[in-house]
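**Student:** The chain contents come next:
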Amino acid sequence: MARALSPRRRLLTTIAAWFVALLIFFPVLWMLITSFKTEASAVASPPELFSADWTFENYTEVWARSDYPRFFWNSVVISIGSTLLGLAIAIPAAWSMAFVPTKRTKDLLMWMLSTKMMPAVAVMIPLYLVFQRVGLFDTKIGLVLALMLMNLPIIVWMLYTYFREIPGEILEAARMDGASLWNEIVYVLTPMAVPGIASTLLLNVILAWNEAFWTITLTTTKAAPLSAFIASFSAPQGLFYAKLSAASTMAIAPILILGWFSQKQLVRGLTFGAVK
Amino acid sequence: MTLTTRALLGASALACLSSWAMAETITVATVNNGDMVRMQGLMDDFKAKHPDIDVQWVTLEENVLRQNVTTDIATGGGQYDVLTIGTYEVPIWGKQGWLVSLNDLPESYDVNDLLPAIRGGLTVDGNLYAAPFYGESSMVMYRKDLMEAAGLTMPEAPTWADIEKAAAAMTDKSKEQYGICLRGKAGWGENMAFLTAMSNSYGARWFDENWNPQFDQPEWKATLESYLNLMNNYGPPGASNNGFNENLTLFQQGKCGMWIDATVAASFVTGKDSTVADKVGFALAPDNGLGKRGNWLWAWSLAIPTSSQKQEAAKAFIDWATNKDYLALVASKEGWANVPPGTRTSLYENPEYAKVPFAKMTLDSINSADPTKPTVKPVPYVGVQFVAIPEFQGLGTTVGELFSAALAGQKSADDALAEAQAAVADEMKAAGYIK
Numbered sequence: 001m002a003r004a005l006s007p008r009r010r011l012l013t014t015i016a017a018w019f020v021a022l023l024i025f026f027p028v029l030w031m032l033i034t035s036f037k038t039e040a041s042a043v044a045s046p047p048e049l050f051s052a053d054w055t056f057e058n059y060t061e062v063w064a065r066s067d068y069p070r071f072f073w074n075s076v077v078i079s080i081g082s083t084l085l086g087l088a089i090a091i092p093a094a095w096s097m098a099f100v101p102t103k104r105t106k107d108l109l110m111w112m113l114s115t116k117m118m119p120a121v122a123v124m125i126p127l128y129l130v131f132q133r134v135g136l137f138d139t140k141i142g143l144v145l146a147l148m149l150m151n152l153p154i155i156v157w158m159l160y161t162y163f164r165e166i167p168g169e170i171l172e173a174a175r176m177d178g179a180s181l182w183n184e185i186v187y188v189l190t191p192m193a194v195p196g197i198a199s200t201l202l203l204n205v206i207l208a209w210n211e212a213f214w215t216i217t218l219t220t221t222k223a224a225p226l227s228a229f230i231a232s233f234s235a236p237q238g239l240f241y242a243k244l245s246a247a248s249t250m251a252i253a254p255i256l257i258l259g260w261f262s263q264k265q266l267v268r269g270l271t272f273g274a275v276k
Numbered sequence: 277m278t279l280t281t282r283a284l285l286g287a288s289a290l291a292c293l294s295s296w297a298m299a300e301t302i303t304v305a306t307v308n309n310g311d312m313v314r315m316q317g318l319m320d321d322f323k324a325k326h327p328d329i330d331v332q333w334v335t336l337e338e339n340v341l342r343q344n345v346t347t348d349i350a351t352g353g354g355q356y357d358v359l360t361i362g363t364y365e366v367p368i369w370g371k372q373g374w375l376v377s378l379n380d381l382p383e384s385y386d387v388n389d390l391l392p393a394i395r396g397g398l399t400v401d402g403n404l405y406a407a408p409f410y411g412e413s414s415m416v417m418y419r420k421d422l423m424e425a426a427g428l429t430m431p432e433a434p435t436w437a438d439i440e441k442a443a444a445a446m447t448d449k450s451k452e453q454y455g456i457c458l459r460g461k462a463g464w465g466e467n468m469a470f471l472t473a474m475s476n477s478y479g480a481r482w483f484d485e486n487w488n489p490q491f492d493q494p495e496w497k498a499t500l501e502s503y504l505n506l507m508n509n510y511g512p513p514g515a516s517n518n519g520f521n522e523n524l525t526l527f528q529q530g531k532c533g534m535w536i537d538a539t540v541a542a543s544f545v546t547g548k549d550s551t552v553a554d555k556v557g558f559a560l561a562p563d564n565g566l567g568k569r570g571n572w573l574w575a576w577s578l579a580i581p582t583s584s585q586k587q588e589a590a591k592a593f594i595d596w597a598t599n600k601d602y603l604a605l606v607a608s609k610e611g612w613a614n615v616p617p618g619t620r621t622s623l624y625e626n627p628e629y630a631k632v633p634f635a636k637m638t639l640d641s642i643n644s645a646d647p648t649k650p651t652v653k654p655v656p657y658v659g660v661q662f663v664a665i666p667e668f669q670g671l672g673t674t675v676g677e678l679f680s681a682a683l684a685g686q687k688s689a690d691d692a693l694a695e696a697q698a699a700v701a702d703e704m705k706a707a708g709y710i711k
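Respectively, the protein sequence lines represent chains A and B.
Mapping to my numbering: the first sequence position 139 is 139, numbers consecutive.
Remember, my numbering sits 276 above the position in the second sequence when you count from 1.
Same shape as in the complex, but just chain A (with noise of 0.2 Å):
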């Protein structure tokens, strides 16, 4: 049962929570505030909120200097497809982890896991070499490739956590009204798991819209995502903070609106079976 709070305790969690949200969500309003500002205003000392000079300038230079919506469709592309072709691949493997498993399947999911934990500089020669002789370096099926491979065991890993939430009977009856493993699969499995399987798409979408290592590593010209972007203008010699945040909130917009939209099933997502 819940336990009542006192007004006087709702109010200081509601400020510490707020406090807490408000910590985390400082640098990315710093940065849209730092967007709108010159490049002498966004770096004075102490920093100026109010007496800053305000221009819409860094939009329009960064709009000007670089083919937006061609990195924006790249990021679109590559986040998307690599999220669905991991889901594709993680939707059979976490059901026979979920409902059939074997002694080996905790290793295996452990071992998956571990590929998550060496640095990606350690396989960036050989991945890079592999890119290049077949074909794949700066294309977009090639990081949607890469990117799915990166995330699979994260995807493999919560599908897995909400397919064990799922009762194995229910599977069962299927199995005995004469249901295919497909149809079991894709009829009985699947639309019992949508939150599951929607959280975790929602999550990878955002895992692969944020990745900037081998976005920046696997491309030139042709599929670089918004990563690139960013890194474009950053500086050696001159003030850049401004621009650099313009072309930041610019690639983090989209994001940031679809993680706002879908909050509710993120955070259901993300707690599911933590409570029970």
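Honestly, the hints are just simulated from the structure, not real lab data.
Watch out, some of these pointers could steer you wrong.
Derived DSS-like pairs: lysine-lysine, alpha-carbon spacing no greater than 25 Å straight-line [to be verified]:
#1 636(B) <-> 420(B)
#2 586(B) <-> 222(A)
#3 323(B) <-> 222(A)
Distance ranges between label pairs, derived from CB positions [claimed, not checked]:
#4 421(B) <-> 47(A): 18 to 28 Å
#5 403(B) <-> 118(A): 36 to 46 Å
#6 177(A) <-> 352(B): 57 to 67 Å
#7 100(A) <-> 514(B): 58 to 68 Å
#8 387(B) <-> 133(A): 29 to 39 Å
#9 514(B) <-> 13(A): 35 to 45 Å
#10 698(B) <-> 73(A): 46 to 56 Å
We put the beta carbon where it would ideally sit given N, CA and C, even for glycine.
Given the coordinates of chain A, assemble chain B onto it according to the supplied hints.
**Tutor:** Only chain B this time, still in chain A's reference frame:
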């Protein structure tokens, strides 16, 4: 439609088709700085002169660019046709056979017009492996008004003693006014670029003729102690985090009496974002009476990797981007002050360019640096503020972290030097330079 009209239209269509079929696209990897951005805005001129060549740009942060380009060249990837690289990479990559020789650029390019110091830094065994896009040295930028108020005059060629005296006179910490701003952020291209150049004027060197590290020698001790003394007494707080951009900001906001850094900064400190634009004077980097000044030499240059499949088109682009006509083109569109500096003698002979306030000092600074004889004693390496060996990026950053820690007060100068000596000796042994 008459037969003649049809024939003409058909011929035109064929001509268009053939020119489309022959068009080559080259990929240029570059950094994001003002001169490079300006060049991208002038591509119409290139396209008019070379309608058969299209140019794609890959603009990346300096270190990311270096990593991507190195990976591409080392694996023979051929993703890039023109690379923007510095004077550190050119001797190393040229020796390894990774770059195409540019000795056969057309006569109109006038290779003899390149500044000798810059050309020397980009030449290996008689082969020019990169064409300089802009060159820079380092110099003293100082506040004329603060010097005047202190009753001092900055010599055109100051000594380190002059610098210390001026720094002491201009420091007023209660007004957040610091006598001197120098690089403190760790990195081979950050604090170590400055400190290595400074050490040359103290007679220090990274290695003796047999590649033995020299951080245990008195010259390095004198260099580091002078630097720490200047920064601790007259520098801004938190200087161990300050690189080029942080010091630029401080100077532009009027918080530095002096700043010793890249000559390219002159256009920024006198530009529209600077609150002290009309109060800035320039002087040569300081010396210590030993015949070497504490200034460096760097050139962002354009080179062609041997893995490029479009070397002729790449050469045409480099010829366009670094020849005399390009300088005139920039001057006609953006004014002489925005012309990429530090590459050609003819630019400095131009009376229009001579009116730019920092032109002479930039030329004098570049001419006083010699990458083949960077310091007082003989050395086995090339490079003024770096050592042109592949291991230097790692070594420079390791030593830079130690010196930055000394500036932050986390260790003494003696400890930092002893640790630098041990770390560099270990690495040089592992790399086979010494036993």
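**Student:** The structure should be examined with respect to each hint, and the outcome stated for every one.
**Tutor:** Hints and how they fare:
1. Among the hinted pairs, residue 636(B) with residue 420(B) is consistent with the structure: their alpha-carbon atoms are about 18 Å apart, no more than 25 Å.
2. Our distance criterion of 25 Å between C-alpha atoms is met by residue 586(B) and residue 222(A), whose separation comes to about 18 Å.
3. Proposed proximity of residue 323(B) and residue 222(A) is supported: the alpha carbons are some 20 Å apart, at most 25 Å.
4. Restraint check, residue 421(B) to residue 47(A): a C-beta distance of roughly 26 Å satisfies the suggested window 18 to 28 Å.
5. Separated by about 41 Å at the C-beta atoms, residue 403(B) and residue 118(A) satisfy the suggested range of 36 to 46 Å.
6. Take residue 177(A) and residue 352(B): their Cβ atoms lie about 59 Å apart, and the range 57 to 67 Å holds.
7. The hint said 58 to 68 Å for the Cβ distance between residue 100(A) and residue 514(B), and at roughly 60 Å that hint holds.
8. In this structure, residue 387(B) and residue 133(A) meet the distance hint of 29 to 39 Å, their C-beta atoms being roughly 38 Å apart.
9. Roughly 37 Å separates the CB atoms of residue 514(B) and residue 13(A), a value that falls within the hinted 35 to 45 Å.
10. At roughly 52 Å, the beta-carbon separation of residue 698(B) and residue 73(A) lies within the given 46 to 56 Å, and the hint holds.
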